[in-house]
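Participant: Using the sequences plus the hints, can you model the full thing?
Chains as they are written, first to last, in numbering that gives the first Met the number 0: chain A, 0 to 232; chain B, 0 to 309.
There may be inaccurate statements among the hints.
As the list claims (entries may be wrong) - If you only want the chain B side, here are some residues facing chain A, beta carbon under 8 Å, derived: (1) Y74; (2) R173; (3) A177; (4) N183; (5) D184; (6) I186; (7) V187; (8) R189; (9) S190; (10) S191; (11) G192; (12) V193; (13) N194.
Hints in this document: simulated from the structure, not taken from any laboratory. Even for Gly, the Cβ is constructed at its ideal location relative to N, Cα and C.
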Amino acid sequence: MLEIRDLNSHYGKLHVLRDINLQIGNESVGLFGPNGSGKTTLINAVMGLWKPTSGSINFNEEDITNIDTYNIARKGIALVPQERELFPGMNVQENLESGAAYIPHAKDELESSLENVYSIFPILKERSKQLAVTLSGGQQRMLAVGRALMAKPKLLILDEPSLGLQPSLVSELFEKLAEMKETVSILVTEQNVRESLKAVDRGYVLENGSVALEDSAEGLSTNPHVIKSYLGL
Amino acid sequence: MSKYIKTIVMAAVAVLAVAFPFYTGAYPQSIAQSVLTYMILAVSWDMLLRTGQISFGIAGFFGIGSYAAVLSMLYLNLPPMLTILIGGIIAGAIAGLLGIAVLRLRGMYFAIVTLAVAEIFRIIMTNLKGFTGGPEGELLPQLIFQGNPYLTYYLMFGMAVLTIIISEIFLRSRVHYALTAIRNDEIVARSSGVNIFKYLVIIFIVTSVIQGMTGGINAQTYGFVTPESSFSLDYTLLPLAMALLGGIYGTMGPVVGALLLGIVSEYLKLYIPYGHLVIYGIIVVIVILYMPQGIVGLAARIRKAGARNE
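Facilitator: Set out below in structure tokens:
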């Protein structure tokens with residue numbers, strides 16, 4: 000579905016992504032690594048928010064390396080950004096609708112998508128007329144995920160969804176993600192490796208802009224380097 | 000409840016505005032027309048502001064529309080109503096070309112470019128002596144509707160109603176997700192499939208057509224254009240002050256602000272000619288400091304506080 004080949008990216012002279020190779024099929028994939036390892040840059044490159052220096056990104060056999068963000072979204076990739084992921088001045092339902100309003104294939108199924116999101120996150124239905132800013136941090140994150148689902152994506156990208164959430168909500172969010180992977184492919188970046196390993200099939204570990212490790216979730220959770228550096232055991 | 004009140008107030012204002020010319024003299028009527036002119040400019044400025052883009056180019060498109068209307072009548076002998084439309088079309092075309100070039104700029108960078116546009120066209124009009132009459136401008140041989148003040152008033156009133164309707168459509172239809180997207184969060188909007196650039200160009204063209212047509216009506220009413228009067232910075236600064244006073248990001252705010260500031264400034268002009276702009280400045284400073292959401296925002300806050308106390 001998504002295939003990244005020899006991707007390089009620079010911020011000025013800083014080489015932030017080095018020859019990244021990454022594939023995602025119909026599965027759920029984790030992208031791990033410390034701060035500054037290039038996770039968000041990689042996601043921004045996929046989404047067309049940041050232009051890589053060299054290499055290619057293919058989505059469903061189509062080169063999307065130099066396509067505008069809005070067109071990438073219309074091809075079926077939805078992003079839940081790290082922060083500021085909502086329209087604060089709109090209510091919950093408007094935020095959800097805005098996720099589908101500009102995606103041609105999602106617009107026609109707006110009502111059924113809305114039902115679907117409300118069934119995954121019932122709290123959003125209760126709060127549907129409330130302004131997005133008045134929701135708690137956890138509810139806002141769920142709204143952001145719901146909004147991305149409204150676009151009927153084939154690939155859902157989440158950038159550090161657990162950031163700033165209390166532990167019980169993090170578990171809940173990853174349970175929801177584990178349920179979703181039946182219907183949509185997922186790419187999730189995380190520093191909370193322990194929780195996210197429960198929700199993904201495979202994972203990549205980024206260090207200093209390169210892929211340091213690539214393995215199944217089980218393989219990663221038993222890998223001595225991962226245990227030492229990320230699981231803290 | 001507040002919806003009914005809003006509708007009733009709007010209807011009452013509309014009836015008053017329609018009946019107005021029959022009960023007053025020429026002077027109040029000309030003030031009313033000027034208030035309507037600024038009201039249109041204020042609402043159209045706010046329409047672009049809702050996207051997060053600040054324009055200082057109102058006077059530019061107003062002036063372009065004025066000149067286009069007058070020159071197309073002088074050189075092509077077109078009927079006055081058609082020249083007003085041409086004023087709008089030319090302003091819109093220039094906005095389209097300019098927009099494609101500069102709407103990738105954001106915030107202050109975009110604002111400064113729009114400020115420059117007004118200045119550039121003022122200088123062009125001043126220097127194209129053979130075509131535009133240079134610094135003296137051009138006079139029309141006759142006024143629209145033979146100078147009938149009722150009809151010019153209603154023409155401007157019609158333009159104001161049209162502008163308010165367009166503004167409300169943009170606020171209520173699904174387009175508003177795209178139009179508020181940059182202000183809210185551009186990255187989120189782009190990642191949900193919004194072609195922000197396309198919507199920005201469209202809204203920039205629409206608001207410029209409105210400003211150009213308003214300039215056209217104004218030029219046809221008074222029968223002349225000069226670089227200094229048609230591109231006067233007043234047409235940029237007053238609508239801006241009115242929208243800020245009334246409250247931005249809506250239709251009601253600029254309308255209320257234009258009514259209040261328009262009428263107050265006419266009185267001030269009588270007592271302190273040229274000094275009224277100082278009062279303007281003071282009002283804007285006070286509004287920004289103490290009621291950043293303007294009169295309409297303040298009214299909403301008071302209403303909410305009242306509802307809580309009940």
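Participant: The structure should be examined with respect to each hint, and the outcome stated for every one.
Facilitator: These are the hints, each one checked on the structure:
With 8 Å as the threshold, the beta carbon of B/Y74 stays out of range of chain A, its nearest partner Cβ sitting at about 42 Å, so the hint is violated. Below 8 Å, beta-carbon pairs count as interface contacts, and B/R173 has one with chain A at about 5 Å; its hint therefore holds. Here the hint on B/A177 is kept, as its CB sits about 7 Å from the closest CB of chain A, short of 8 Å. Because the smallest distance between the Cβ of B/N183 and any Cβ of chain A comes to about 4 Å, under 8 Å, the interface hint for this residue holds.
About 5 Å separates the beta-carbon of B/D184 from the nearest beta-carbon of chain A, less than 8 Å, and the hint is met. A least Cβ separation of about 6 Å between B/I186 and chain A falls short of the 8 Å threshold, and the interface hint therefore holds. The beta carbon of B/V187 comes within 6 Å of a beta carbon in chain A, closer than 8 Å, and the hint placing it at the interface holds. Contact between B/R189 and chain A, as hinted, is supported at the beta carbon level, the nearest pair being about 4 Å apart and thus within 8 Å.
With a cut of 8 Å, the hint placing B/S190 at the interface with chain A holds, because the nearest CB-to-CB distance is about 4 Å. A least Cβ separation of about 5 Å between B/S191 and chain A falls short of the 8 Å threshold, and the interface hint therefore holds. About 4 Å separates the beta-carbon of B/G192 from the nearest beta-carbon of chain A, less than 8 Å, and the hint is met. Taking 8 Å as the C-beta contact cut-off toward chain A, the hint placing B/V193 at the interface holds, the least distance being around 5 Å.
Proximity of B/N194 to chain A holds as hinted, the smallest CB-CB distance being about 5 Å (cut-off 8 Å).
Checked against the numbered hints listed earlier, the structure breaks hint 1 alone; every other hint is satisfied.
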